[in-house]
Amino acid sequence: MNTNNKLVVAVTGLNAIDSPGPGIAVIRALRDEFKENIRIIGLSYETLEPGIYLHDVVDKTYQIPYPSAGAEALISRIRYIHEKENLAVIIPNFDAELYNFIKLQSTFRTLGIQTFLPTQEQFDARDKINLYNFGKKYDLLVPKDKIIYHVGELNSCAEELNFPLVVKGKFYDAIIAHTLEQAQKAFYKLSAKWGYPIIVQEFITGTEINIAVLGDGKGNATSVIPMRKLYITDKGKAWAGITLEDEKLINLAKSFVAATNWKGGCELEIMMTLEGKLFIMEINPRFPAWIYLSAAAGQNQPATLVKLALGETVEPFTNYEVGKIFIRYSWDHITDVSEFQKISAFGEL
Amino acid sequence: MSKLRYERPVIQKMNAGLMNKFGTRTEYEPVKQIDGVSVASMIKEYGSPLFVMSERTIRKTYKDAVRAFKTRYPKVQFAWSYKTNYINAICNVFHQEGSWAEVVSGFEYNKALGNGVPGNKIIFNGPEKTNEELLLAIKNDSLIHIDHFDELYQLIEICEQTEKKPRVAIRVNMDTGVYPIWDRFGFNYENGSAWNALTKIVASGKLQLTGLHCHIGTYMLSSDAYSVAVNKLSDLAFKCKSQLNVTIQYLDLGGGFPSSNTLRGAYLPASDTNPSIDDFAEAITNAILNAGFRTDELPLLVLETGRALIDEAGYLLGSVLANKRLSDGRRATIMDFGVNILFTSFWYEHKISPAQDFTHHTEDMVLYGPLCMNIDMVRESVNLPLLNRGDQVVVHRVGAYNMTQWMQFIQMRPNVVLIDESGKTHLIRKAEDLKYIEQLEEMPQHLSSISL
Amino acid sequence: MQLRKNIATSESGFIFNPATGDSFSANPLASEIITLLKQGLSASEIKKNIQEKYDVENGQLEKDWDDFLLQLRDANLLDN
Numbered sequence: 001m002n003t004n005n006k007l008v009v010a011v012t013g014l015n016a017i018d019s020p021g022p023g024i025a026v027i028r029a030l031r032d033e034f035k036e037n038i039r040i041i042g043l044s045y046e047t048l049e050p051g052i053y054l055h056d057v058v059d060k061t062y063q064i065p066y067p068s069a070g071a072e073a074l075i076s077r078i079r080y081i082h083e084k085e086n087l088a089v090i091i092p093n094f095d096a097e098l099y100n101f102i103k104l105q106s107t108f109r110t111l112g113i114q115t116f117l118p119t120q121e122q123f124d125a126r127d128k129i130n131l132y133n134f135g136k137k138y139d140l141l142v143p144k145d146k147i148i149y150h151v152g153e154l155n156s157c158a159e160e161l162n163f164p165l166v167v168k169g170k171f172y173d174a175i176i177a178h179t180l181e182q183a184q185k186a187f188y189k190l191s192a193k194w195g196y197p198i199i200v201q202e203f204i205t206g207t208e209i210n211i212a213v214l215g216d217g218k219g220n221a222t223s224v225i226p227m228r229k230l231y232i233t234d235k236g237k238a239w240a241g242i243t244l245e246d247e248k249l250i251n252l253a254k255s256f257v258a259a260t261n262w263k264g265g266c267e268l269e270i271m272m273t274l275e276g277k278l279f280i281m282e283i284n285p286r287f288p289a290w291i292y293l294s295a296a297a298g299q300n301q302p303a304t305l306v307k308l309a310l311g312e313t314v315e316p317f318t319n320y321e322v323g324k325i326f327i328r329y330s331w332d333h334i335t336d337v338s339e340f341q342k343i344s345a346f347g348e349l
Numbered sequence: 001m002s003k004l005r006y007e008r009p010v011i012q013k014m015n016a017g018l019m020n021k022f023g024t025r026t027e028y029e030p031v032k033q034i035d036g037v038s039v040a041s042m043i044k045e046y047g048s049p050l051f052v053m054s055e056r057t058i059r060k061t062y063k064d065a066v067r068a069f070k071t072r073y074p075k076v077q078f079a080w081s082y083k084t085n086y087i088n089a090i091c092n093v094f095h096q097e098g099s100w101a102e103v104v105s106g107f108e109y110n111k112a113l114g115n116g117v118p119g120n121k122i123i124f125n126g127p128e129k130t131n132e133e134l135l136l137a138i139k140n141d142s143l144i145h146i147d148h149f150d151e152l153y154q155l156i157e158i159c160e161q162t163e164k165k166p167r168v169a170i171r172v173n174m175d176t177g178v179y180p181i182w183d184r185f186g187f188n189y190e191n192g193s194a195w196n197a198l199t200k201i202v203a204s205g206k207l208q209l210t211g212l213h214c215h216i217g218t219y220m221l222s223s224d225a226y227s228v229a230v231n232k233l234s235d236l237a238f239k240c241k242s243q244l245n246v247t248i249q250y251l252d253l254g255g256g257f258p259s260s261n262t263l264r265g266a267y268l269p270a271s272d273t274n275p276s277i278d279d280f281a282e283a284i285t286n287a288i289l290n291a292g293f294r295t296d297e298l299p300l301l302v303l304e305t306g307r308a309l310i311d312e313a314g315y316l317l318g319s320v321l322a323n324k325r326l327s328d329g330r331r332a333t334i335m336d337f338g339v340n341i342l343f344t345s346f347w348y349e350h351k352i353s354p355a356q357d358f359t360h361h362t363e364d365m366v367l368y369g370p371l372c373m374n375i376d377m378v379r380e381s382v383n384l385p386l387l388n389r390g391d392q393v394v395v396h397r398v399g400a401y402n403m404t405q406w407m408q409f410i411q412m413r414p415n416v417v418l419i420d421e422s423g424k425t426h427l428i429r430k431a432e433d434l435k436y437i438e439q440l441e442e443m444p445q446h447l448s449s450i451s452l
Numbered sequence: 001m002q003l004r005k006n007i008a009t010s011e012s013g014f015i016f017n018p019a020t021g022d023s024f025s026a027n028p029l030a031s032e033i034i035t036l037l038k039q040g041l042s043a044s045e046i047k048k049n050i051q052e053k054y055d056v057e058n059g060q061l062e063k064d065w066d067d068f069l070l071q072l073r074d075a076n077l078l079d080n
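Residue numbers (our numbering), protein chains in the order written: chain F, 1 to 349; chain V, 1 to 452; chain C, 1 to 80.
Heads up, none of these hints are tricks.
In silico DSBU-like pairs for lysine-lysine, Cα to Cα no more than 30 Å straight-line:
#: 1; chain 1: V; residue 1: K44; chain 2: C; residue 2: K63
#: 2; chain 1: F; residue 1: K60; chain 2: F; residue 2: K6
#: 3; chain 1: F; residue 1: K84; chain 2: V; residue 2: K13
#: 4; chain 1: V; residue 1: K351; chain 2: F; residue 2: K170
#: 5; chain 1: V; residue 1: K13; chain 2: F; residue 2: K193
Since the hints were made in silico from the structure, they are not lab data.
Here chain F stands alone, though its shape is the one from the complex (with noise of 0.2 Å):
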């Protein structure tokens, strides 16, 4: 096999699951993109994300430690596969990994692996703790919150926020609670599970709009692609969605990115409200799961990011498709045991 003329490039969130992580629509793109001319390394971390076994769609998958393993055992890992694959660009898509991936971005680039991410203080900021001062700083609208650690607080959160109350994990997770007993068992069982702080956040209603925004890290968004979910599934995530027209939502990503300098993909959760007010309720800082729908509507952000990380000049993109579509589907896919036994056994497939 003949892969020195490809370009290679290193994907995670191979999970195309009822929850699906990013990687597959990421690579879909790239493979839009650059055809033929492209090997997609898959980076898993565990055995059963679908990419793993999706042979047309990543070339070889290689399993990665955990991110709690901490940076030392990703940087020797990534080693060993860039010693083989001889990697280009790396994209990484969940949240949880992107610390260690922004501490090893100088490592990376001495290896000659290029990424395009955003700086520790641009993810630390609009970390979900660090939101409602970030959008003080930028003036930027943001729901009102309070950090807590003690169930005690909620009190006071309730009679500053009023019900009902968002209560947030440090990570994940987000709980609509009515009252105050509803409010302390959210708050046990997402401290249970993530950790401490909790974030406790003022309701806002209206209609939740989601941009994938690549911004070129000087301050240029180089593509916005506003897009409203018309259909989601049991867990909130997008079933279907379409791509819309809206200037102030356009404005809103330019001014965040102008504010910012964001450097890399990032996805705005956006609520508006009845009187048309754009709060910022949450920022991804990765590619979403739909991101594809970027491609489908004429703004390939994946591939453009892959340009950018690799040093080329790249316009800002000006035109996308209004009203197109996406539907997610599943799709049981076959494969034998020996496959599963292999990846599980030796970490590369």
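Chains V and C: place on chain F using the hints.
Quick look at chains V and C alone, frame taken from chain F:
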């Protein structure tokens, strides 16, 4: 023909989720020696379990910390936190390096004196100080850090009877944006108690107000909190100058810097996430330099760092007593050390390395200590190579608090050895024996004989 | 003690239990024992075999053997 190396048979279920090893690769390396001295030979000579302290690591860590602060700020003084590890040999390594002593009881105070620390280089902290202890500290011109109003009045009363005007500071607690606020020690800044105490000290005419002290927490994972603390202490210092006409000579920022042990329940390893000593130095010195002190009135910066200076230098060597399988199929390994001597296993996920070669096969296991008590668990779940009875392990980063908070409970406390910079081992605290434990006991006559 | 029928083993030390769908990885000695069990050797024959080939004391092997049986039972690989 020689026989093949034996390794006990194991099978491991391939889980859909938590598998995380890569064929022949493992994250473990055997640790067969410490500072060039073999683990096996130390256990042979001094027994198992055994605490080992590396003098080389202590001195290097100390010098690095001093450098981190002194390259950023002209006047810096460390004071060794006795409670972190008060074995005299360890204290003296710090004193040789130039560290003062920071003590929190009369017992520790006398230990410092016994080690030869001049009285005026001892900082006397803590909520309990008896009249006798205070008199001694006054006589020795030590720095007395007042913890509460009762102590302040106690001190003023004592001074009625002496000629001397002791040098004092108050401990200040405050909101630095971290949780929990350590408001049980000292006088609160926000509610005005701290200022109130300062005015009373000056008004008494009996005490020399010399410094301001705070200690904002332990295992602090944010350096920003120290900037906040400096700003609040500086604010008090300026008020002392302008309203009480007293120049504050030192700011004591206490301790609280973490080591690189990973806290139980933490997601990422501490070595990646915990701020370094340089981060803390940067935050603290920047804040003082920007607080607005005149150059000739810059206060001395005192630091009472304990854990971050000593944790790394301590190792606990131990041996496997037994293996067993629990009712749910999990493997359990029983070590000859437990929470009795490794107190910090209550809050750390201690790193543990085997001390001999092994293959790449590993098992998830619970590590128990030797006590006949259910709480005696060193690691709830750890993936280690297959360990057999008699195999030796090295527990890392145990230098702080274990040799002071250890318990003589069921088992006796083991030897502590120091490896000097030339690689020579020295016994610095002998293992306890029955005679030592019983020497303070007294037997009433009517109980002195039994017949069964 | 008997291994379940149809237990599939591969050269790389994989074990597959078709009755439950579980897969296991085995270290070399575990693989070897399972192969011998499949060939119908008795426990004592296998232990003798191991002692001739490996550097292990009888007491150690006895303990590890019992533990291995527990593992097999836990893994649902035994027939009773």
